[in-house]
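Can you build the whole structure from these sequences, using the hints too?
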Amino acid sequence: MIDILKVSKIFETKSQKIEAVKDVSLTIDKGEIFGIIGYSGAGKSTLIRLLNGLELPTSGEIIIGDDSIGALSKKELRKKRQKVSMIFQHFNLLWSRTVKENIMMPLEIAGLKKEEREKRADELIDLVGLRGREHNYPSELSGGQKQRVGIARALSNRPEVLLCDEATSALDPETTEEVLNLLLEIRETLGLTIVLITHEMEVIRKICDRAAVMEDGRVVEVAPVLKLFQNPEHGVTKRFVRDDIDDEDTELQIESIKKTFPNATILKLGFVGTGARAPIVSMLVKKFDLDINILSGNIKNTNEESYGHLYIAVNITEELLYAVIDELSKENVKVEVAQ
Amino acid sequence: MIEALKEMFSFEHVKLDAVWQATYETLIMTSVATVFAFVIGVILGLILFLSSRKKGRTNGPVYGATSFVVNLFRAIPFIILIILLMPFTKVLMGTIMGVWGAMPALIIGSAPFYARLAEIALKEIDKGVIEAAESMGIRTLELIYKVLIPESLPALVSGITVTAIMLVGSTAIAGVIGAGGLGSLAYMVGFTRNQPDVTLVATIVILIIVFAIQIIGDSVAKAIDKR
Chain D
0 MIDILKVSKI
10 FETKSQKIEA
20 VKDVSLTIDK
30 GEIFGIIGYS
40 GAGKSTLIRL
50 LNGLELPTSG
60 EIIIGDDSIG
70 ALSKKELRKK
80 RQKVSMIFQH
90 FNLLWSRTVK
100 ENIMMPLEIA
110 GLKKEEREKR
120 ADELIDLVGL
130 RGREHNYPSE
140 LSGGQKQRVG
150 IARALSNRPE
160 VLLCDEATSA
170 LDPETTEEVL
180 NLLLEIRETL
190 GLTIVLITHE
200 MEVIRKICDR
210 AAVMEDGRVV
220 EVAPVLKLFQ
230 NPEHGVTKRF
240 VRDDIDDEDT
250 ELQIESIKKT
260 FPNATILKLG
270 FVGTGARAPI
280 VSMLVKKFDL
290 DINILSGNIK
300 NTNEESYGHL
310 YIAVNITEEL
320 LYAVIDELSK
330 ENVKVEVAQ
Chain B
0 MIEALKEMFS
10 FEHVKLDAVW
20 QATYETLIMT
30 SVATVFAFVI
40 GVILGLILFL
50 SSRKKGRTNG
60 PVYGATSFVV
70 NLFRAIPFII
80 LIILLMPFTK
90 VLMGTIMGVW
100 GAMPALIIGS
110 APFYARLAEI
120 ALKEIDKGVI
130 EAAESMGIRT
140 LELIYKVLIP
150 ESLPALVSGI
160 TVTAIMLVGS
170 TAIAGVIGAG
180 GLGSLAYMVG
190 FTRNQPDVTL
200 VATIVILIIV
210 FAIQIIGDSV
220 AKAIDKR
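Protein sequence lines, in the order shown, are assigned to chains D and B.
Numbered as in numbering that gives the first Met the number 0, the first sequence ends at 338 without a single skipped number.
Numbered as in numbering that gives the first Met the number 0, the second sequence ends at 226 without a single skipped number.
What the hints contain is simulated information worked out from the structure, not anything from laboratory work.
For glycine and all other residues, C-beta sits at the position ideal for the given N, C-alpha and C.
Where hints are given, some of them may not hold.
Claimed, not checked - Restraint-style ranges between C-beta atoms, simulated for each label pair:
#1 B:E130 - D:R241: 30 to 38 angstroms
#2 B:L26 - D:S141: 40 to 48 angstroms
#3 D:D121 - B:L26: 44 to 52 angstroms
#4 D:T188 - B:G127: 25 to 33 angstroms
Have a look at this one:
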């Protein structure tokens, strides 16, 4: 659906050249929710603006559907933007228009007749759950409602691709959840491709299928989301994953636990999918007759799987430890001995 | 001193029909010039705003030229502008006297001023909203009348209120050199015939007009602002 081929973007000011995007290549499939995560200044905002031609690449090519974005004439690009729409961190609604008028704006630009615009806007108001609010002005809405208007507006011309520019970063956690669920829902019902940029790993974890990690203009890691969490390779990815599951707290605890139980072995059990639901602790207790201290545990849900880890302290001989590791590997549980 | 004040407040020389006529002329000059200043000022303001927004081959020179013309006409004192424009006015309006003889100078004197206010109003528009409109595939003309003007309207209205009040003052200056209106009444009748009561009445009417413009402008700006 979307092919980004060796794309670079250099901004030139009088005093300096800034290379915002460096030699990025990505392929995004149709119907996929693809996340791009990075700290601010990593180049993700520029990258997403290259996809709808708000910025043009200095070199490289971007192909969406059958069109190469850089090769389109101005008129063709305007037409293409009706099929590659965008939502924004600060919603960017027109304060001078009501909810319904905002939603109808792309339809006016596309040249639809008045009755058709009204009809389509009504459908979208129902889709995003804003019935009863259609004649309010944006200033009378909450942040979450404003983003719903933004989403309805972006969907009005039945796009093939939806670009989300930090769409939940200005929202509180609860509203973020609502907006993310809405995005999942419209992907299911409308089958569109969603590309989102964010600096919150939580957003990637909750709705993305695959994600790219950006640092300093480059894509440093691309993988299915579950793999990013289980097996982050790059340092930046590890930081994002650790921030999301608050591992630092656990590490602190381990230090103090070691002092309290100097003879205990501390194990980190990592599990994914089915392993996350199996009663492994009681199995260990029954089968090996162990005394187990549970130190900390964590389970997170991605849009398709669960993954997590559990820290336990046990008094165990080396021999028995190998038996335990063998047994747990049958349940797809990865065991690490914390030092 | 007391005598002079007594004479001023006697109102014995005030002829109502002359005051009405002068008020009418001031209102015509102010309102027609305000309409023209609004239209020309918004167009110039849009040119300034759009050409300063993005780097392009033509934008730099367009901005430079427009900005130069605007600054030039704003720098000329109004009384000199009237005199300077006289040959042009004669050709265009067929006269340099009366309400219509004052019109070119009033418009050329106020439109560049309003153009700067319009440019400021346009610059206040949220950049994100313009970007959102562009992400929908909007054409420049649609951007102007669907986004730029509606989103800056309260500031444009406040700006035209200031300009209209300035124009009331300009009509009074023009009145002194033959344009008619309340300025003319105050000077030609009040001053030259030594009838200070007439000057006082002209002043009071001008104040009422200025206050009315301010109140109307403020309430319109408030009513259209949905932020």
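Would you list, in rising numerical order, the hints stated earlier that this structure does not obey? Failing hints: none at all.
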